[in-house]
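FYI, the numbering for the sequence shown is 2 to 297, going by the numbering used here.
It is worth saying that the hints were derived from the structure and are not from the lab. Each residue gets a CB set at the ideal place from its N, CA and C atoms; glycine is no exception. Please note: incorrect hints may appear among the correct ones.
[Stated by the list, open to error] Pairwise CB distance ranges (calculated):
{"id": "1", "residue 1": "Q150", "residue 2": "L257", "range": "51 to 61 angstroms"}
{"id": "2", "residue 1": "R43", "residue 2": "E121", "range": "18 to 28 angstroms"}
{"id": "3", "residue 1": "V251", "residue 2": "V217", "range": "13 to 23 angstroms"}
{"id": "4", "residue 1": "N28", "residue 2": "E85", "range": "35 to 45 angstroms"}
{"id": "5", "residue 1": "R288", "residue 2": "P248", "range": "20 to 30 angstroms"}
[Said to hold, decoys possible] Mimicking SDA-like on lysine to any residue, the simulated pairs with C-alpha atoms at most 20 angstroms apart in a straight line are:
{"id": "6", "residue 1": "K78", "residue 2": "R16"}
{"id": "7", "residue 1": "K78", "residue 2": "V67"}
{"id": "8", "residue 1": "K78", "residue 2": "W5"}
{"id": "9", "residue 1": "K78", "residue 2": "T26"}
{"id": "10", "residue 1": "K78", "residue 2": "L183"}
{"id": "11", "residue 1": "K78", "residue 2": "L27"}
{"id": "12", "residue 1": "K78", "residue 2": "Q150"}
{"id": "13", "residue 1": "K78", "residue 2": "L12"}
{"id": "14", "residue 1": "K78", "residue 2": "A13"}
{"id": "15", "residue 1": "K78", "residue 2": "G147"}
{"id": "16", "residue 1": "K78", "residue 2": "T32"}
{"id": "17", "residue 1": "K78", "residue 2": "V94"}
{"id": "18", "residue 1": "K78", "residue 2": "H177"}
{"id": "19", "residue 1": "K78", "residue 2": "N28"}
{"id": "20", "residue 1": "K78", "residue 2": "A68"}
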Amino acid sequence: MYEWSDLRIFLAVEREGSTLAAARTLNVNQTTVSRRLQALERGLGLRLFERSTRGHALTPQGAALVARAEAVEAAAKEVELEAERLTRDLTGVIRVTAAESIMTHVVSRLITAYRAAHPEVRFESLSAEDRLALERGEADIAFRAGEVQLGDTLIGQRLPDIPWTVYCSESYAATHGRPSGLADLADHTVVAYSGAPSMQPFSIHFMSHVRGEQVVATSNTVSNMTGVLRTGMGVGMLNVFEGDGTPGLVRCFSPLPQMASPWWLVAAPEAYLQPRIRSFMAYAAARIRQDRRLGR
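Modelling step: build the complete structure from the supplied sequences, incorporating the hints.
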């Protein structure tokens, strides 16, 4: 057997007339050219060139193979050109998952803007508070809050941390005022997180400044927290995308560094091979880094 890639060596020697000249053309050393040419001859069981001090001349057997080798070369170039075309073809569906709050206030905007430039791409938005298994193909791309371990099953990058702060309704603020900081929470009723959000660093830090008797309600999702706060029941924590984007809610004070949440954009390696996945991820990451809301 022979390595068909060695036909490239064969054609270079045939065209240049020597292994030295072929090596220069291929940008490899002469020893490599000679070794691979000999391996090709052994694999084919043919002597392809007559060697002399003047260079390499085709044998009759070698001359009979030139046209076939050139056909292989042309086919390889066609494969390369088709691959380049496919990398530019973004047509298809991208399945994106994120928590409902992030999907509503961030991802949906990214999708709309991206499709304005790439109408051939369609999206499936999968809002989920629990993490979908990208490695099992439950989604192509995920925007994930919290810590993420990249490796064999996930490819991606960390995005700027999401700021969180305390919000209340306009009606609550008109009646009770707004706390000016965490130290000023003592005189306010509080809506706390339960379930997974309660274990996040931003929630733990917030609750370290709250007495148990202040908590009048709990919410297990950001969207649910928003709904409760809009009723005027008390103050509670929201990310700035959700809080600033919800009519009827007001910030109590600026976000604190201790209440920022890590945020990642990730995909499974198999999905990342698709040009449209790589294209949208690059676009989304760049747009998010420019989002002024992350600086407030």
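Against the structure, the hints come out as follows:
1. Q150 with L257: 51 to 61 angstroms: 27 angstroms, violated
2. R43 with E121: 18 to 28 angstroms: 49 angstroms, violated
3. V251 with V217: 13 to 23 angstroms: 19 angstroms, holds
4. N28 with E85: 35 to 45 angstroms: Given about 21 angstroms between the Cβ atoms, the range is violated.
5. R288 with P248: 20 to 30 angstroms: 24 angstroms, holds
6. K78 with R16: 18 angstroms, holds
7. K78 with V67: 16 angstroms, holds
8. K78 with W5: 14 angstroms, holds
9. K78 with T26: The hint holds at about 17 angstroms.
10. K78 with L183: Given that 20 angstroms is the threshold and the Cα spacing comes to 65 angstroms, the pair is violated.
11. K78 with L27: Holds, at roughly 16 angstroms.
12. K78 with Q150: 39 angstroms, violated
13. K78 with L12: Satisfied, since the Cα-Cα distance of roughly 14 angstroms is no more than 20 angstroms.
14. K78 with A13: Holds, at about 15 angstroms.
15. K78 with G147: Given pair K78, G147 is violated - Cα atoms ~45 angstroms apart, limit 20 angstroms.
16. K78 with T32: 26 angstroms, violated
17. K78 with V94: 29 angstroms, violated
18. K78 with H177: 73 angstroms, violated
19. K78 with N28: At roughly 18 angstroms apart (the allowed maximum being 20 angstroms), N28 and K78 satisfy the hint.
20. K78 with A68: 15 angstroms, holds
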